[in-house]
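Given the coordinates of chain A, assemble chain B onto it according to the supplied hints.
Protein chains in written order, with this note's numbering: chain A, 68 to 372; chain B, 68 to 372.
Please note that the accuracy of each hint is not assured.
Because identical chains cannot be distinguished in the list, a pair is counted as satisfied if it fits within a single copy or across any two copies.
Subject to a maximum C-alpha distance of 20 angstroms in a straight line, what follows is the list of computed SDA-like cross-link-like pairs (lysine to any residue) [claimed, not checked]: (1) K263 to G234; (2) K257 to G275; (3) K277 to T223; (4) K317 to A90; (5) K257 to Q345; (6) K317 to D102; (7) K277 to E372; (8) K317 to R208; (9) K263 to L284; (10) K277 to R200; (11) K277 to A201; (12) K257 to G360; (13) K257 to R367; (14) K317 to D298; (15) K257 to A225; (16) K257 to P306; (17) K263 to R175.
Quick caveat, the hints were computed from the structure, so don't treat them as lab data.
Number of protein chains: 2
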Amino acid sequence: MPVIECVPNFSEGRRPEVIQAIARAIDSAEVTLLDVSSDADHNRTVITFSGSPEAVGEAAYRGIAEAAQRIDLSAHDGQHPRIGAADVVPFIPLREATLSDCATVAHRVGRRVGEDLGIPVYLYDAAAQRSDRATLPQVRRDRYEILRETILTDPTRAPDYGPARLGTAGAVAMGARQPLIAFNVYLDTKDIETAKHIARAVRESGGGLKHIRALGLFVNGRAQVSLNLTDFRVTGLYPALEAVRHEAAKHGATVIQTELVGLMPQQALFDAALAYLQLPPETDSLVLERRMGDLTGDYRPIWFE
Amino acid sequence: MPVIECVPNFSEGRRPEVIQAIARAIDSAEVTLLDVSSDADHNRTVITFSGSPEAVGEAAYRGIAEAAQRIDLSAHDGQHPRIGAADVVPFIPLREATLSDCATVAHRVGRRVGEDLGIPVYLYDAAAQRSDRATLPQVRRDRYEILRETILTDPTRAPDYGPARLGTAGAVAMGARQPLIAFNVYLDTKDIETAKHIARAVRESGGGLKHIRALGLFVNGRAQVSLNLTDFRVTGLYPALEAVRHEAAKHGATVIQTELVGLMPQQALFDAALAYLQLPPETDSLVLERRMGDLTGDYRPIWFE
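Chain A with its partners taken away, still in its complex shape:
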């Protein structure tokens, strides 16, 4: 039974009734709603859900439709760059499914969103139809206020589905990709420039670590380095955090706390633990619940007091 995941980001993190309405719309399809994580500073919500490719596609459509009705991008502010009410909608393979299966879902949902909702759709990553849409930053290069103009005239801004025109719902970046980890690092300073310097140094586009995207933001009264780990098996949480700490030290800053946005694969946490503990990587096969599951089929966590 194929299982895929969808992790849409919506440009609303402050009005609970809006967030709940979108979550309900998603949940009204035959999916498992896994998480709803909102951030008021970013004015953004990440919803995670899973199920069959068909059900997940339907749920994604309903969430996008609800968001389009409820969120007016022309009135939206927040720390995070965005292009739409439903800003990013990625599909991720989990079990017995491939990136190609997820790209098919992205195309199918994208077409419906473009044609039935009149929302421009940009297909990215494994769903991209153009080489200049291979990555999300390329697609999201122009934030809503800019895109509203450039979509009318710039051929590189021509959507894959839907009209070349932005309404109050903006546009949606829709794609297929491997899981991403959204990990925010809070520093012991209020200086946003420090966070920006660190972000530029650690991210791949700045000559830093591969598969790391980073932004420097001001959140909750502190400087924050907001990270996206786009391939945690190559660059995981351990090297990512070590790099941030290293760069922060150059600015006389330290990490006081971190947070995860949405969910993360178990393997990412195991990899970080094994790296920190200096254990051989194959030690994850010595996890009790994993060994019991492999031999009995019962993978349930065991609770010890």
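Just chain B, lined up with the frame of chain A:
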């Protein structure tokens, strides 16, 4: 359905045919054999198996009987202190079982081992009948060569089951306890005294961390701090390793590698990762497979390339 675990330590880590014979004897009962980990330097093997309390008790008895036939303690050498061929046999509750259930199994198996195999049995921890047997180190205070004499005359060495006399199989410490993590830390020095100093500083009995036992050994050509974490929810891998690194630095030594002996609960690895990553402790509820399992019943790990 109650599930318990047994993690016997046998005083054989060099002869594969002996280790395999003991594993086969255990596996001949209705249990799930989870792991067999041997260490030639320690001349010791840890076998982990699980199942119903009745089956686990039966398997433990068969393993002890096989070890008694195959291992002659009077000819045994190795880095680790020991009292018997089957040296330590702990029972641990996993699902729908309590420490008390495990103590009952320890008593039942202990009586059979004492009466039918003629091997002295010392009940410890949650199975102890005497306050001076609350901890394993108390029970294992006299190694085989010493115990062979003291058991004849010292009333504090009177076994709970079996004769007050040691044969070539020695004695067995049998108990009920919570899970323990056996974690070895290799230093970049050959000086065993360094490892011993570090062990004395970090262990609870030396005024160090609670629920930490430690020994300094020489293994694989290096100094090794051998740790037992007897309550990882109170003192986990992160504070334990931080303490070892801190003490090692005082001696100009660093940790080059670590190893796990046997299995460890998933939660221990999660706790270590969250501590290192400076994430809030409740972040383990944001693990994808855990969240999916909680909502769908499917806790299987998801493999990402």
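Outcome of the hint check:
1. K263 to G234: neither (31 angstroms within a copy, 71 angstroms between copies)
2. K257 to G275: Answer is neither: 24 angstroms inside a copy and 38 angstroms across each miss the 20 angstroms cutoff.
3. K277 to T223: neither (26 angstroms within a copy, 63 angstroms between copies)
4. K317 to A90: Classified as neither: same-chain Cα gap 42 angstroms, cross-chain 54 angstroms, threshold 20 angstroms.
5. K257 to Q345: between (34 angstroms within a copy, 19 angstroms between copies)
6. K317 to D102: neither (36 angstroms within a copy, 46 angstroms between copies)
7. K277 to E372: between (40 angstroms within a copy, 16 angstroms between copies)
8. K317 to R208: neither (29 angstroms within a copy, 51 angstroms between copies)
9. K263 to L284: within (7 angstroms within a copy, 48 angstroms between copies)
10. K277 to R200: Intra 18 angstroms, inter 55 angstroms, cutoff 20 angstroms: intra-copy only.
11. K277 to A201: Within one copy only: 15 angstroms inside, 52 angstroms across.
12. K257 to G360: Close neither inside one copy (46 angstroms) nor across copies (39 angstroms); limit 20 angstroms.
13. K257 to R367: Neither: 42 angstroms inside a copy, 42 angstroms across copies.
14. K317 to D298: Cα proximity of K317 and D298: none, with 26 angstroms in one copy and 38 angstroms across.
15. K257 to A225: So K257 and A225 fail the 20 angstroms test inside a copy (39 angstroms) and across (67 angstroms) alike.
16. K257 to P306: neither (24 angstroms within a copy, 30 angstroms between copies)
17. K263 to R175: neither (38 angstroms within a copy, 65 angstroms between copies)
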